[in-house]
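Protein chains in written order, with the working numbering: chain A, 1 to 461; chain B, 462 to 937.
Fair warning: there could be bad hints in the mix.
[To be verified] In silico SDA-like links for lysine to any residue, alpha-carbon gap of 25 Å or less:
1) A:K273 - B:R610
2) A:K64 - B:R610
3) B:K612 - A:D107
4) A:K244 - B:K911
5) B:K732 - A:A150
6) A:K273 - B:P591
7) A:K64 - B:R544
8) A:K338 - B:P704
9) B:K911 - A:A260
10) B:K612 - A:R75
11) B:K623 - A:A150
12) B:K911 - A:E386
13) A:K240 - B:G701
14) A:K74 - B:K612
15) A:K338 - B:K612
16) A:K427 - B:R937
17) B:K732 - A:F149
18) A:K74 - B:R610
[To be verified] Facing chain A, from chain B, some residues (calculated, C-beta under 10 Å):
19) G524
20) A536
21) P591
22) A698
23) S863
24) K901
25) N904
26) I906
Simulated from the structure, these hints should not be mistaken for lab results.
No residue lacks a Cβ here, since even glycine has one placed at the ideal position from N, Cα and C.
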Amino acid sequence: MLQAQQKTEPTVTANGYAQLATDVLAQAKACGATEADIVVADGETFSVQVRVGTVDRLTKAREKRLGLRVFIGKRSATTSTSDFSRASLNQLVADTCTLAGAVVEDDVSGLPDAGHMAVEQPDLDLYDDTVLDTDTQIDWAKRGEAAAFATDPRVTNSEGAEFDSSSGRVVLANSHGFVGSYRSSNFSLSVSPIATESTTGGMQRDAWYQVQRKFARLASAESIGQEAARRAIRRLGARKVATKRVPVVFDQETAGSLLANVCSAVSGYGLYKRASFLLDQLGQTIASDLITVYDDGRMVGGLGSRPFDGEGLATRKNTIVERGVLKSYLLDTYSGKKLGLPSTGNASRSVGESPSVGPTNFYLVPGEKSQQEIIGSVKEGLFVTELIGFGINMVTGDYSRGACGFWIENGELAYPVEEITIAGNLKQMLKDIDVIGNDLVFRGRIASPTVKIAEMMVAGN
Amino acid sequence: MPEPVQLTTFGVTEIEAQQALDRVKVRDVEYADLYFESRTSESVSMEEGIVKRAAKSVSQGVGVRATAGEKTGFAYSDELTKRDLEVAADTARYIANSPKGHSTVPVPTQRRPTRDLYPIERAKAEVATPERVALLNEIDAEARRYDPRIKNVMASFNTEYKVVVVATSEGTLVGDIQPLSRLQITCIAEDRDNRQVGSFGGGGRVAFAYYREDNRHLSYAREAAREAILNLSAVDAPAGVMPVVLAGGWPGILLHEAIGHGLEADFNRKKTSAFSSLIGKRVASDVCTIVDDGTLPFRRGSLNMDDEGTPTGSTTLIEKGILRGYITDKLNARLMGIPLTGNGRRENYQSVVLPRMTNTFMLAGESDPHDIIRSVKKGLYAVSFGGGQVDITNGKFVFSASEAYLIEDGQVTKPVKGATLIGNGPEILTKVSMVGHDLKLDNGIGTCGKDGQSVPVGVGLPTIKVDEITVGGTQR
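Okay, chain B solo, but in the shape it has when bound (with noise of 0.2 Å):
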């Protein structure tokens, strides 16, 4: 079990955030909650051969916010007194109009997190600035030694040490110190006037031995190398319509993409969905069963609880091929009648909570990933990607490959250049016909933007085989 995180971390008393939920839960607001967080960033990276820029940054606010049916009002303050508080509560209770009639809220009882996902101790995620430099020196020299052609080594560790406390106007008083950490390597490779790229990474909520364990940050540094030089030899990408292979781990955005924004409950809340009647109904082939689940150990995505105190769990969201559910924050479940499922999640305590994906991915299915390949005439093996994005509404989205291959009579031939694919998000489930029996999760790089907010989300999937997909390449 973590230690519980008090609030005197902060320099705030229970009885202070008693008071200033007293003040902001008038008559209306149905639910209010302060968020206090402090966070510690530290990065370092390295070009060029050498580790030029280290970096630090601190911060530390509380984030006010009082519900009233479908209102929120919401206020920060980078500021913890009294007055502050006072301050932000008065702003976030605003949109209750209804200034008079404070009911009590419960005091607060302190409660820790029912489990530890990352029992890591702070000397062990912060270490100090030079054993950082020596990592990435180490890589530098690793990737250049992969091939001569690789020209320029970029590579970043960053890490993270955030502490939260929530109290909520239904009397839960909940801390959690959630540490991250990733390491990022991108190499350039050139021969003569060909210049390429590749990329490769991976952390969680781990300590720094992580990636020092097998060597790990050596092979980061390899992978990335391969992928640049591979792409020295890459031909232009096919355009239209055709089968797709993708590989296990992180080509799981795809589920993330195509419908796991789309199972968002605000969305469905607010009819703006895709998916938003599609409850029960069949939204993908039967060999698709697909999970949230937040409480996955070390992983980028888990979390111990949510940012409104809910302890993370795991919500099918797709079983065998029927849609099960949505993820959901205490607004939105309140406000459908839907369980709660641990997705309230925010940047920061500047932002507000919305519902948001944990670690999505596809159970394992029971095909072999040869027997996938094999089965395709002509089509695309895609094994890694860039970034996506959705057009919630339409449903259409996009994900765009780093690492793809031809296959040909059912083998794996050319490396093609990056392209992007696109499809319908409630369609392309429907055409995936074979599913593998090899899941992987990704490494450990996702972070999801929505609304302007960046949280750390974790993807997996088994070989599968899309019968169609369109291929935004340039050649017919």
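Chain A on its own, in the form it takes in the complex (with noise of 0.2 Å):
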């Protein structure tokens, strides 16, 4: 048990955070503000990293930050301060105006119409108030690790496991009035064990992980290690193979990483800076019809799910792609305002940033192959479980990464492979995509099912 105490000073509710904001809001408008909105967030985080069954680092912290936005006309500015003290505030105040009278007036800058502001603010069941004490979730990540030592002998080291607990309150209000608050909490647990060859002494490492808003909807720390070992050990003898045009077949994590692709291009601040390779495609085919891809904030329980958007906007269901023909942009008031459309609720906020667009729970809807069946109807060709590398160019699509994975022979995984790439433009990858699996699970905010693209080159010896 950690028995490090605490502080005596009464616990700051979110009332008394909506009462700093009013202050600071006001002081805003006596510094000449037309308008402003303000951000203050505080966090609770612990993390345990074991390594070969003893902690190699515990970290534990509470942490909180305010950020202010003001709009002088249409001139603005942002910053943000972790010292809530009122002098620091005051000066926080002062700067802020003072900058916002240095930059350009632009257009199309403000906050969203009064009138749209959220006015529900639904439980979208995103907190959990379990309190684990150290040992506990030191035990977490013990587990987790031994079960992946246990799984298998060729598994001889780790880069450890971490089990990490956090959990939060925002509160975003603005000077139309707009008060918002939400509390989240987030639980997950990760193995990363190191497989190694007796033969050639040659090392793999790989990973496993979880991640929950709710602890007691966790999976066994067991079952997180044993998929771990499963992982790292099946890479034992990787290869490199001949370069080759085939067909790709991505597994859950790598194909959301593509779709990961899909929504940054669908981005409103990378269209209206033409630096997308989705530009001027609303309405159009952008992918196969297999295709149907949702941006939905209102999940319950999601990783991604939040009441009101970074802006204070309320939060929905968004289809952004049906049927391979592209619906909606992910906007903001702002980049939505440039592109002449209504902001889709994805505004995201990072204290002390101006908001930008975010994904809620973003998610290619799943088709009804299972992963073995989609491998099993290729002959020859490549099944990708890992990308590395920043190769994707956003504004032309042009895509070539570092990838390992395994030959597909015959329907069969033949040999794990690495040291290899491949290559393509994400516009025609879309469009070649030819089979969607039946197995979308949520592990973050970005979720795929397994998908084949008909053929990419895959470069090697």
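If you follow the hints, you should be able to join the two separate chains into one complex; please do so.
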């Protein structure tokens, strides 16, 4: 048990922060701001890393931060601080107004219309008040790692297992009188074993993980450790393959990364800057007709759910792609105005930065085939399980990334492969998706089932 | 010599710091430190011809750390009262399993760093916003003047002013002031349906005047515009194994990914690195000598001291092809019984110390860069790169070109679209057959990520020839 005493000052309630926010907004107005909004976030985090059976690192902290955005007419600036003292906040307000006075007028800047602010703030079941003692959390990490070691004698080493828990609160208020707040929590376990091939000494690392809003929803530590071990062991003996154009099957994780590329490409900021390969494609076919993508901010218990967005607009379920046709971008108020469209409720806000656009729960609707059936349908090809590097050009869609996975021969995983790249162009790759799996699982804010792309260039020997 | 930074900057007395260290350094704790940090970050950015965003952020806090054997206990707080220090100290020492038996740590004695690699007055680092706005406006005009096909210019100027004090259970108390800035420009070029991007940037631990010296900011703007325009005529990249010539400077990212991370002591202590048992062994051809040097004045990756208060140094990683050493922080140097190299770094007070690179580069060789290109019959000449990544355990690394050309019969010919290069860290440098005499350091744009922590770094490279590496293009 961790016995560190907590501070004796009274706990600041959401109401306390709401009062603080109202005071700062009033001060900003007195300083010349025509509009303003403020975000206050606080939270507690705990993290333990266990490596080869002993605690490697234990971290615990509480933190808080306040972000202020002011508009003086059409000029705006954003600031943030972790110091909530009166003197510091006075300085912050003055600095923000001075900064705003120094930039150029931007015709479309401003808060959302007062009439559009979220009215209801539904409870999306994002918060779990379970308090775990230190030893329990250490135990989770230890059991996860031990299960990986117990799975196979070839698991000889470990990058460790990590258990994290965090909880926090966000309060958002603006000069329209909007005040919103919600709490959320996260519990996660990851295990990263290393497997060694006895003959060559070659090592392979892989990992498996889970994240949940609720502690009770976590699968057993053992199941995560076993899956991590299975993934590391199956990579042993990986080799290069000859350069060849073949069908490529992406597992859920790597297909999720493709979907994340789509998510960036439909983000309003990339679009109005003309920096997206999906520019001017609204209403056009951008992908195979098997593809339907939703972004749902109201999914109960979802890792990307929130009752209102970073500007205080209601979140909702948006259809992004329907049977291959691009139906909607992801927009906040600013990027929407630049494109002549209303916000989609996707403003994302880091304290201290002006809003940008982010997904909530962004996912590809599953199909009917199992992963095994999809692999079974391939005579010769690549099954990708990990992608590395940054070889994606969002302006052109050009795509070239390091990959590892398995070579498929006659519908079977024949042997592991590494030190290869896969390349193509995302515009074509989306159209070439010809099978979608039935295995959608939400492990993060962006989730995809297995997908197969008819053909890509694999570079190796 | 820099002025010593006083603890009083943080409203904390030396007695309070010592008491907190006393509290954390229970019997099993071998080492403890307090890291006080105050950081002011400012940014202005422009797009569509107007400077429309300005932001400023201020943060202050303390990280309290205790190490016992391989274990690290860590806590941080954004409040700096005596009580907050005590709570953090109690959390940090939890890992020691020994709540009793306090030892007394020596009274800290104030030291100052032994050198000043970035003597910049605060006022010269943090200029008023209108001056920043003017800089960006000139950049926009210059990039658009370069070619009418430049349709958008996105530019940002960021500064950070960081004040740190490290108090350790060894009795040291040392502080540093670390200014840092960066100018980054991205241009979008359009020619009918063809849209391409080009980027350029630079910076370091420099004063604002640096960006206006010889109109450096305008040369950055032209470089970004040039790359975007060039890419309008780029052809698809080839796929497969071929010789690659890397230009000097930023392509040194190869060293950072292929060997740098693999030589960080933590991975080697845990024996999870592909380099774990290779000290004294050949890992590169004998024309390769590679160092990590945190002592270069005004460089983005340089530091007067690392984040444990150790002066940074110059560490030879590879000498004429032989692996010589790792880069270390205090924990890993102690556990491995190897020298402390001054590479213990952390992103901020909220993160733990890890062994990290500073400025990593290959020393110049003897070849003429033109001869290097002329020696290639069919291959790739890569001039600029985006990011890279490595899998420490199996050694596989990638890095992605943003400006590259075909080499045909010893001549640089057509520009090609970006492609990812992939290789194996412990092998790739054995295939370096020629090293140019033209060592260049990068312009000061690198940020390295590890365990979710970002720190500024530098890289450098002379022109080199790699006899074979896999190029991940789309064309046979």
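Evaluated hints:
1. A:K273 - B:R610: Roughly 15 Å between the alpha carbons, so the hint for K273 (chain A) and R610 (chain B) holds.
2. A:K64 - B:R610: With a Cα-Cα distance of about 46 Å, the restraint between K64 (chain A) and R610 (chain B) is violated, given a limit of 25 Å.
3. B:K612 - A:D107: holds, 20 Å
4. A:K244 - B:K911: Roughly 33 Å between the alpha carbons, so the hint for K244 (chain A) and K911 (chain B) is violated.
5. B:K732 - A:A150: Distance ~20 Å between K732 (chain B) and A150 (chain A) Cα, so the pair holds.
6. A:K273 - B:P591: At roughly 24 Å apart (the allowed maximum being 25 Å), P591 (chain B) and K273 (chain A) satisfy the hint.
7. A:K64 - B:R544: holds, 17 Å
8. A:K338 - B:P704: violated, 46 Å
9. B:K911 - A:A260: holds, 21 Å
10. B:K612 - A:R75: holds, 24 Å
11. B:K623 - A:A150: Judged against 25 Å, a Cα distance of about 46 Å means the pair is violated.
12. B:K911 - A:E386: Roughly 18 Å separates the two Cα atoms, so the pair holds.
13. A:K240 - B:G701: Roughly 11 Å between the alpha carbons, so the hint for K240 (chain A) and G701 (chain B) holds.
14. A:K74 - B:K612: holds, 24 Å
15. A:K338 - B:K612: Distance of about 16 Å is within 25 Å: holds.
16. A:K427 - B:R937: holds, 20 Å
17. B:K732 - A:F149: holds, 16 Å
18. A:K74 - B:R610: violated, 29 Å
19. G524: At about 9 Å, which falls below the 10 Å cut-off, the nearest Cβ of chain A leaves the hint on G524 (chain B) intact, so it holds.
20. A536: holds, 5 Å
21. P591: Result: holds, 5 Å to nearest chain A Cβ.
22. A698: Holds. Min distance 7 Å.
23. S863: holds, 8 Å
24. K901: Violated - the Cβ of K901 (chain B) stays beyond 10 Å from chain A, reaching only about 22 Å at its closest.
25. N904: violated, 19 Å
26. I906: Hint violated; I906 (chain B) Cβ to chain A Cβ min 14 Å, cut 10 Å.
The structure is inconsistent with the numbered hints 2, 4, 8, 11, 18, 24, 25, 26, although it conforms to all the rest.
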